Structure formats: C-alpha cells, structure tokens
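Let chain L serve as the given structure and place chain B on it in line with the hints.
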Amino acid sequence: MPRTGPAGVPTRITQGAQTAGGIGESTLRPDGILKVTGEFAYSSDLWHEDMLWGHLLRSTVAHAEIVSIDVSEALALPGVHAVLTYDDLPADVRTYGLEIQDTPVLAHGKVRHHGEPVAAVAADHPETARRAAAKIRVEYRELPVITDEFSATAPDAVLVHEGRTDHHAPYVSHPNILHRQPIVRGDAAAAAERADVIVRGEYTFGMQDQAFLGPESGLAVPEEDGGVHLYIATQWLHSDLRQIAPVLGLPEDKVRMTLAGVGGAFGGREDLSMQIHACLLALRTGRPVKIVYDRFESFFGHVHRHPAKLTYEHGATRDGLLTHVKCRIVLDGGAYASASPAVVGNAASLGIGPYDVDDVDIEAVALYTNNPPCGAMRGFGAVQACFAYEAQMDKLAGELGLDPVEFRQLNAMEQGSTLPTGQVVDSPAPVAELLRRVKAMPLPPERQWESSEGADVRQLPGGLSNTTHGEGVVRGIGYAVGIKNVGFSEGFDDYSTAKVRMEVVGGEPVAVVHTAMAEVGQGGVTVHAQIARTELGVEQVTIQPADTRVGSAGSTSASRQTYVTGGAVRNACALVRERVLEIGRRKFGTHHPAWATAELLLERGKVVTDGGEVLADLADVLEGESVEVEREWRHRPTQPFDRRTGQGNGHVQYSFAAHRAVVEVDTELGLVKVVELACAQDVGKALNPLSVLGQIQGGTVQGLGVAVMEEILVDPVTAKVRNPSFTDYLIPTILDTPTIPVDILELADHHAPYGLRGAGEAPTLSSTPAVLAAIRAATGLELNRTPVRPEHLTGTA
Amino acid sequence: MRVSLTVNGRPQQADDVWEGESLLYVLRERLGLPGAKNACEQGECGSCTVRLDGELVCSCLVAAGQAEGREVVTVEGLADHAERRRTAAPGVGLDEARDWRPVPGDGTRLAPVQQAFVDAGAVQCGFCTPGLLVAADDLLAQNPEPTDADIREALSGNLCRCTGYEKIMDAVRLAAARQAEEV
Numbered sequence: 001m002p003r004t005g006p007a008g009v010p011t012r013i014t015q016g017a018q019t020a021g022g023i024g025e026s027t028l029r030p031d032g033i034l035k036v037t038g039e040f041a042y043s044s045d046l047w048h049e050d051m052l053w054g055h056l057l058r059s060t061v062a063h064a065e066i067v068s069i070d071v072s073e074a075l076a077l078p079g080v081h082a083v084l085t086y087d088d089l090p091a092d093v094r095t096y097g098l099e100i101q102d103t104p105v106l107a108h109g110k111v112r113h114h115g116e117p118v119a120a121v122a123a124d125h126p127e128t129a130r131r132a133a134a135k136i137r138v139e140y141r142e143l144p145v146i147t148d149e150f151s152a153t154a155p156d157a158v159l160v161h162e163g164r165t166d167h168h169a170p171y172v173s174h175p176n177i178l179h180r181q182p183i184v185r186g187d188a189a190a191a192a193e194r195a196d197v198i199v200r201g202e203y204t205f206g207m208q209d210q211a212f213l214g215p216e217s218g219l220a221v222p223e224e225d226g227g228v229h230l231y232i233a234t235q236w237l238h239s240d241l242r243q244i245a246p247v248l249g250l251p252e253d254k255v256r257m258t259l260a261g262v263g264g265a266f267g268g269r270e271d272l273s274m275q276i277h278a279c280l281l282a283l284r285t286g287r288p289v290k291i292v293y294d295r296f297e298s299f300f301g302h303v304h305r306h307p308a309k310l311t312y313e314h315g316a317t318r319d320g321l322l323t324h325v326k327c328r329i330v331l332d333g334g335a336y337a338s339a340s341p342a343v344v345g346n347a348a349s350l351g352i353g354p355y356d357v358d359d360v361d362i363e364a365v366a367l368y369t370n371n372p373p374c375g376a377m378r379g380f381g382a383v384q385a386c387f388a389y390e391a392q393m394d395k396l397a398g399e400l401g402l403d404p405v406e407f408r409q410l411n412a413m414e415q416g417s418t419l420p421t422g423q424v425v426d427s428p429a430p431v432a433e434l435l436r437r438v439k440a441m442p443l444p445p446e447r448q449w450e451s452s453e454g455a456d457v458r459q460l461p462g463g464l465s466n467t468t469h470g471e472g473v474v475r476g477i478g479y480a481v482g483i484k485n486v487g488f489s490e491g492f493d494d495y496s497t498a499k500v501r502m503e504v505v506g507g508e509p510v511a512v513v514h515t516a517m518a519e520v521g522q523g524g525v526t527v528h529a530q531i532a533r534t535e536l537g538v539e540q541v542t543i544q545p546a547d548t549r550v551g552s553a554g555s556t557s558a559s560r561q562t563y564v565t566g567g568a569v570r571n572a573c574a575l576v577r578e579r580v581l582e583i584g585r586r587k588f589g590t591h592h593p594a595w596a597t598a599e600l601l602l603e604r605g606k607v608v609t610d611g612g613e614v615l616a617d618l619a620d621v622l623e624g625e626s627v628e629v630e631r632e633w634r635h636r637p638t639q640p641f642d643r644r645t646g647q648g649n650g651h652v653q654y655s656f657a658a659h660r661a662v663v664e665v666d667t668e669l670g671l672v673k674v675v676e677l678a679c680a681q682d683v684g685k686a687l688n689p690l691s692v693l694g695q696i697q698g699g700t701v702q703g704l705g706v707a708v709m710e711e712i713l714v715d716p717v718t719a720k721v722r723n724p725s726f727t728d729y730l731i732p733t734i735l736d737t738p739t740i741p742v743d744i745l746e747l748a749d750h751h752a753p754y755g756l757r758g759a760g761e762a763p764t765l766s767s768t769p770a771v772l773a774a775i776r777a778a779t780g781l782e783l784n785r786t787p788v789r790p791e792h793l794t795g796t797a
Numbered sequence: 001m002r003v004s005l006t007v008n009g010r011p012q013q014a015d016d017v018w019e020g021e022s023l024l025y026v027l028r029e030r031l032g033l034p035g036a037k038n039a040c041e042q043g044e045c046g047s048c049t050v051r052l053d054g055e056l057v058c059s060c061l062v063a064a065g066q067a068e069g070r071e072v073v074t075v076e077g078l079a080d081h082a083e084r085r086r087t088a089a090p091g092v093g094l095d096e097a098r099d100w101r102p103v104p105g106d107g108t109r110l111a112p113v114q115q116a117f118v119d120a121g122a123v124q125c126g127f128c129t130p131g132l133l134v135a136a137d138d139l140l141a142q143n144p145e146p147t148d149a150d151i152r153e154a155l156s157g158n159l160c161r162c163t164g165y166e167k168i169m170d171a172v173r174l175a176a177a178r179q180a181e182e183v
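Chains as they are written, first to last, in this note's numbering: chain L, 1 to 797; chain B, 1 to 183.
Check each hint, because a few of them may be wrong.
Sample of chain L residues with no beta-carbon within 12 Å of chain B, all distances over it, derived [said to hold, decoys possible]:
hint, residue
1, Lys35
2, His108
3, Pro182
4, Gln210
5, Gly214
6, Gly249
7, Arg256
8, Ser298
9, Lys309
10, Arg475
11, Glu519
12, Arg586
13, Thr737
14, His750
15, His792
Label-pair restraints from in silico Cβ distances [what the hints assert, rightly or not]:
hint, chain 1, residue 1, chain 2, residue 2, range
16, L, Pro170, B, Glu19, 35 to 45 Å
17, B, Pro144, L, Met441, 45 to 55 Å
18, B, Gln142, L, Glu453, 14 to 24 Å
19, B, Arg85, L, Ile744, 36 to 46 Å
Chain L regions said to be covered by chain B (calculated; three or more residues, Cβ under 8 Å) [as the list claims (entries may be wrong)]:
hint, region
20, 202-209
21, 450-464
Quick caveat, the hints were computed from the structure, so don't treat them as lab data. Given the structure is predicted, the values throughout are model-derived calculations rather than measurements. Note that beta-carbon positions come from the ideal geometry of N, C-alpha and C, so glycine has one too.
So here's chain L without its partners, still in its complex pose (with noise of 0.2 Å):
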C-alpha cells in the first residue's frame, strides 16, 4: 500500500472544539487531540514521496588527526544517492555555532570528541543509509585526550583549538579555558574573620542528558528557486537559519524553515543537529531528504548539561548569618563552545543562591576538552551550583545546630536585596515563604509500604525487585531552594516578534495568531490562544504554525516564552484592539457619544465601555475589514557583567522554588525509593495553573533523575562515551518517582506582562539538592557527588 503521509506539512494546531478560556484558566492544549489520537506529526513522522534517508558518519575516537577518508566503496553501494565530506561542503563558512562558530559541520583535519560527524550519507532506505556509512573508511592518527582541568590547563597540554580569535580569547589564562567569569563583591577574606563557623566542601556534579524522547529528526525539500525548505524539530527557528544559511551558501530568504512536531527539547535543541547535513543532501541530490536520529546517536546528536566540579567555603557567625562565600566552579565544555560561556556566567551570577551575603569571592571557568560538548538545559548552570551552595548550607546548619530550613530563612534574599552582581532585585524574592510553605505541607505517613498483609514491595526501595521487606529501610528528610534567572542576560537582545490579525470567519471574529515561538511541549501555543481570548474579546483563535515568514521569538529556553512572546502576541493585541477601535468609530462614532470620549474594551465579541455598555458587534466593525499588525518586543534591557569583578545588572527577572524531599534507603544494598517530593514555587501570576503544574512537576522529575540515576559516563582515558542508550542511561520512570504536591505563589513581578514569572527552569535547581539533603539525613553520609549510587552509599565505591 503506498504511503499517503504528511507530505511536510506541519500539524495545524488550531483550536478543536476549545474556544474558551481567557488567562489564568486551565485552558487544554490545543493540539492535545491530535497527540492523544497519532495524529501529530512530529519532525520524525515526516513524509515526502520520493524522499531519501540521510544518516550520519560519527567518529570513533575523541581526538585525532583525520588522515585519509575514502567513501568510494560507500558510493557504489546500489541505493546510495550521496555521501558528503568536509570538502563537498558548498560555501566558504564550513562551521557553526551559538555564539562562537567552532563546530564543524562535517569534520575538517581532526576530530575534537567522540560521535562527532565525520560524512553524511544519502540512500533510499535507512538501512542502506546505514550500511554506506559504514563502508567509509576514515584513517585517524590518535592524538591524546584533554578530559579534566589539570590535563587542560597544563602548560603543554595540546590544544583542542589551536589559534583561537574568539571573543573570549583574550581573557583567558589558558586556551583551552573557554571563557572565565569571576565576580567579586565586599572583601570575602575579611569577613571570613567575623565568621564562628567556615564550612568547606568539594562537589561533583555528573553529566546530564535532556533525553527528549523524540528524536533529533527533519525533512529538507529543495525548492525550484535553488532554495531549501526544511521542516525541523527545533527551539529556535530564527537561530538555526542564521547558523545554516551560510554554511549552505544561501541567502536567509532562499531557507525557508517550519516547526515540524517537538517531542521535547530541554536545552538539547538549542543547538544545531542534523539540519544542515539534510540540506546539504536535499541539494545535493535534488530530493526530499529525511533524517532520524535513532537514541544511540542523539546521545552524540546534542548537548548535555555540563558536568561540573565546584569547590565552596561558606561562613557563618554564631547567631546564623552568613558572612561571606568563596566558590569556583569549574564546567566541563566539551569540545565545542555552544552556550558554555552563557552557563559559565550563570553559574557565576547565581553561584551563592537566594542569600543575602555582602562578601563573595566566585569564580567559574567553562573548560575546552575533548569530552563531549556541553550546553544548554533546564536550568543552565544554576543547578549545578545549587546542588553545591544548598549541600553547604546544611552544612553549616549542622556546624550551628539550627534547623537548616531556619538557618536557610535567617539568609534568605528578598525583594531589595543586591545580588553578587550588584543588581538590586526589584520585585518580589519570597524566599523564606517558599520554604515555609513546603515545609507546612503535611508529610507523607511513615512505613507506607506496610499493611495487614505485609510489605508492597512496590512501595520500597528496590520495588519490585523484591529486594528487601522492610528491614534496613530508613527515612530521611531533606530541604532545598534555588534562584534562576528568567531569559537571556548579559545584554543579549532578547525579542520576540508576534503577528495578530483579527478578521470575521463565517460570522464570528477571528483572532490569527503568528508566531515563530518553538512549541516544544510546553503550551505556548495554550497561552497564546488565552492572551488573544482576553486581549481581543474572542472565543475563536488560530495558532499559525511556527515559520520563519514571522519574525523571531527567540528561544524557547531559559524559562522566557510566555514573557516574551506572551509579552509581544499582548502588545500585538493592543495595537490590533486600537486599530478595530479606529475602524468602529469610523464606522459607527457618529451612533454613540461613548465611541469618542469613554475607555472602551473589546469582550464577548462586542466593543463595550468601561461601563458595559455594549456599542457593537466586532463583527459588524470588522465587516469587510481584518486588521493585522507584526510587532516586536522586548523586555528591559541588561547588561555585560565586567569581565573583572562581574558586577553588571545582568538580568532581567528572577524565578523561585523551594522543594522537600522525602526519601527511603535500603542502607543494606544502598537503594533510594523517594517518597514525595512537594514543591513550592512563585510564578508570579499562572496564565495556566494546569500548564505551570507540569512544568513544575516534570522539572521536578527531572532533578530527582540527576540525584540518584542520571549521568552520562565518559571513560577517563579514551573520552568515549560507555552508556548511549536508554538501557544505560537512566531516566526516571513512574516507578521511580513520587507524589509531587505543588503550592503555586501568585506574587506579581510589575515589569513583566501579566506579573508573571518564568517557571519552566526554576523546579529543576532545587530537586537535586532536596533529594541528596534527605538522603544524607537518612544514612548521615556526606554525599558530594550526583548522582548518588548504591555503592556510595554501602561503602563500596
């Protein structure tokens, strides 16, 4: 039976059979539906006669000079339609990157880190795709491996990029130091001297990996004009066009690029996959060109969450004021640059946590190595150093002999207080309310697992695996909170660009939304519809799929869409809602005085005054008529933090959460069942109390994975990677993981649209920590690395 497939065209996700629901209600998904039925196609469904499959050769060492590569025998495979080399590629720019162009597209001379594309293939089916890549035969001449701080600062350590002229060069005392930020505020070693009590602690955080379940996929369709249409599963489309059109030799508009389906992005999207390498082939040989990922490879695909290692001396007096902190922080980049300088300035900024501390001295330097390239995920170098700040701070609770939720309420920041930046925080920082609330919430009952018939396995550490009864099972509880930053600082540009046109459709008034807003999973397109329900006074919106025809919206990362993108489609609105209001007194001013001198507001279909007098059908004044109007926006602007002493107002907005972690050990064979993990967070106003419950449910999983499972293993000596699967990676399953009741804080940040507060990021910090803290009350080990595994806590590492 021939396939009748989607052909390219992405999922329409307009509204179904929901039309209400303005913001702050629960609002479902508009594409919920399509995703329940099958019917949704994400980037990996994607179909096109006649299409070609594409698939990757990957390096199988760390780092080498390339000596030869020969595809011949690759090409004569019957089915094989093309197989590129760095010297196919088309155009003078032959790398890519976020902020600094590092990364190769295909390999030139040398391969800097394991899985690293080396050819790219074209074939009639995956398999023969598959079997040409691997009749390429690539001759490497080793070369040895920088994998840690020492092997890449030493003084003749090789280079893993020899001559760099990044902007970042100048300013570092080592090449393979990527970019270093220190911030210094008060005098950290004076203070130190009105410190009671100093606590010290080193910290190993391990490498963590977005696992999006769906694939790193997309469908490139050359175009007659010699262009290229590339429908693609992505965080940015505006992004992925500047970093392809070049490398492609084409100008932007001959790239036309459309959100396929996302299943799921967490950061691992943010950089570039496989989207020029289908472009590249889709030109090459004149056809439709798909490329799937299968797991094994998107672990080599994208990104991961840098591994880190952060050193801490925190300082207290006896009454439990904090009197200074020193940290470094030490991020492992990998061997490409993607958003590690971005993360090592978060790490810095937000490297003591929600406290109120005068003198710090913090340091944190994201490394080049030969391990695999590090960059964005959720939570983007915050988590890491509260997995490190929060263990200090039980630390020295223990030291004072106070209870570490008082001890954390006694420092706690607040609306007011100076960041190590010097940035004044300027609305509100409930902090210390965070974690009273969490810590209010009743606990769940001891010994769940026990009944009248004996013990439910399932309930225990070790489930069903059946691995114990009850016997050595203890109970610990554990606090932890975190500060995030909201959208991108450092005086990064960071706009959003949203079209709204409203129009009469059979009758009723039809608000059109369009946007190039990435959705990825986490309702955007839910919140969009709600801002046009309420700012228009309609029931009926369309979402129009994501293009590159609109504007940008910048990324869909750093907790900054509904901000942003929710800001523009509100001002797009406004203006939409003034220029409807121009055409009705056009139309009808002369009907009612109140057209020209009252406030008059757009709801339920009608122009009505603030008084409620209705003055008109919307679909009378728009008769004829639609009104669209493309607008930018942008939040307040922020700044560099100084390369010196990183003082700078560097960010924009600020999200809180605060977790408690209950958990059970099987102290006998080391095994963690975690029993609740209740969150509570501030997010400023929730557009969609449903969506915020997700986001803060699923970041919250995704922080318990980092605590006791999750981390990508990468071989000390070779810099291979020894676990890309999910067979060896492990993310948490159902099993796996607890209640999570959430205590939702509406206070209003004013200089955001709606009050709100980014939420996404926040739950992610403060999991981690919660979980090693409750783990360490039950066993009263110290626990300085994450994950934590059975054999660290039976003894046996």
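For chain B alone, coordinates are given in the frame of chain L:
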C-alpha cells in the same frame, strides 16, 4: 518480502519489506501510521507500544515478518478498540476477545483514556503519549479499579520526560473513575 497483517481492523499489505525491518518501521514508514513512536527503538521506552494479537508489545522489537497474518491495534485504532470493549457483553471469553475486530471510525471519537489524558493535562510534548495510552487502556481493561501502585507498575515500561508522571496518574485515575460511572 511481502507482509500481510490486520491493523486497526483493516487488512494491510506491505511490499518490498527488508527482513530486518521492525513492525514499528512498517507501521510508520510503509503503512502511514506514525502514531506508534520511535523514541529509543530498543524496547526501553514504550513509546511504540501496540497490541499484537491482544498482547502489549514494543513494536520496535517485533520483526516485521513476525507480524505476518496477525492483528495489530495502534493508538490510531484505540478509540474503536475501547468502544468495542465497552459495548461488548460482560464476561467476554478469551477466544471471543481475540476474535474482536475494530470498526474503523471517523477519527474524532476518543477512547476514555485518550479523553482523560487531554482533560488531566497529561499531554505535554506528547511523544510518549501513544504508547502510554495503549498501555493504560490495557491496564483498565484488565483492572478497572487500579490502585496507584497498580498504575505505576503497569506503566513502568513507558518513559515520559515532560510531565513528571503526576498528570499521567491523574489521567488514568480519571479514566478509571469515568469507566466506573458508566457501568
């Protein structure tokens, strides 16, 4: 080779199937039914879960040839499947259940578990959803009043990276409650 099978009640044939292709590949790429998802393709994530002659399987682990002559129900056929189960006389025997044929519907009707996933906010990116729905529907068919521990056990083979599973728990509880009200 040619593979003939019944999918969601309709006889289907796929030609030129390479011996190494999975049932998942045949469904998605040859039959145009991309509902079963390709998240790990090694039987770890459950995104490609379908029924094969009434049994839950990861379709990525089933060789296409193994599906010859057999019956497959995917998420695309779940609504019909659930409707048939709902209207069937109580106490359907195993043989009779295996003889069941879904009736192709208009595509707009939802199985109770599908509606519950939408209503409870259990869908975010939605990539895991088809597999979870097939597994959850199977759970509710076998155990109409599952405890939370039952739900977690039944769905432990289906990974979700977005929701934190809480809304999925809510959805299955909601579907079970609605199912109980109907009886």
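Here's how the hints hold up against the structure:
no., hint, in the structure
1, Lys35, "violated (3 Å)"
2, His108, "holds (31 Å)"
3, Pro182, "holds (36 Å)"
4, Gln210, "violated (8 Å)"
5, Gly214, "violated (4 Å)"
6, Gly249, "holds (32 Å)"
7, Arg256, "holds (23 Å)"
8, Ser298, "violated (9 Å)"
9, Lys309, "holds (27 Å)"
10, Arg475, "holds (18 Å)"
11, Glu519, "violated (9 Å)"
12, Arg586, "holds (42 Å)"
13, Thr737, "violated (5 Å)"
14, His750, "holds (29 Å)"
15, His792, "holds (25 Å)"
16, L:Pro170 - B:Glu19: 35 to 45 Å, "violated (59 Å)"
17, B:Pro144 - L:Met441: 45 to 55 Å, "violated (32 Å)"
18, B:Gln142 - L:Glu453: 14 to 24 Å, "holds (21 Å)"
19, B:Arg85 - L:Ile744: 36 to 46 Å, "holds (38 Å)"
20, 202-209, "violated (count 0)"
21, 450-464, "holds (count 4)"
In terms of the numbered hints stated before, the structure departs from hints 1, 4, 5, 8, 11, 13, 16, 17 and 20, listed from lowest to highest.
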